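Quick note: the sequence shown uses the numbering used here, first residue 64, plus one each step.
The hints are simulated quantities; they were obtained by calculation from the structure and are not laboratory data. Owing to the predicted nature of the structure, the values given are computational and were not obtained by experimental measurement. Treat each hint with caution, since some may be false.
Calculated pairs, SDA-like style, for lysine to any residue (alpha carbon to alpha carbon, straight line, at most 25 Å) [as the list claims (entries may be wrong)]:
#1 Lys210 / Glu146
#2 Lys170 / Asp214
#3 Lys210 / Thr181
#4 Lys170 / Ser112
#5 Lys210 / Gly92
#6 Lys170 / Asp151
#7 Lys210 / His142
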Amino acid sequence: MPHEYRFVPVSRDDYPMLRRWLAQPHMAGWWGLPEAEIALIDGDLGAGSCDMRIVWADRPFGFVQDYPVRTYGAPHYGHLPDEARALDMFLGDPAYLGAGHGAGFLKARAAALFAQGTPALAVDPDPENHRAVATFARAGFRPLGMKACEDGAPVLVMDMWPEGLDPGRTADEKDLI
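Build out the structure end to end from the sequences listed, making use of the hints.
Listed below in structure tokens is the structure:
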């Protein structure tokens, strides 16, 4: 059953909820300790380039942020135009796991960003995070291949382009998949 999702800007009032979500067992290994992640969110809140949102269906259940791909010096996004945006997300409320909400809200967020003129989107999940990789694929992200991120760790780069605007894959990019 399709859901309508709302994306409400993060505020400091959301920090207790975000801490609870980040402490959930399903988050272990994929996101940092709650206090460290809250400090990162707090550092980006209101800084301008990172748009952080709480995702709602019938109640708040997830987090999504998007930012220009050049913001954090991410070499693995070098194939994208400067105006492209990278996304990070999680489902915090475990009651929403396994029901298609991750892919559903990613599709909705992507549609909104494309409607605002974003030329492309990208994500960089840990290749061992099979749930995240599958969610991104169901949302429409396509794997580009394994690359080293800004700290040298391997990530699976996946991208999404507006309908009809995908530049295709070069021979080198196809070899990475």
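Now the hints, each set against the structure:
no.	hint	verdict
1	Lys210 / Glu146	21 Å, holds
2	Lys170 / Asp214	28 Å, violated
3	Lys210 / Thr181	23 Å, holds
4	Lys170 / Ser112	21 Å, holds
5	Lys210 / Gly92	20 Å, holds
6	Lys170 / Asp151	13 Å, holds
7	Lys210 / His142	12 Å, holds
Going down the numbered hints, you'll see the structure goes against just number 2.
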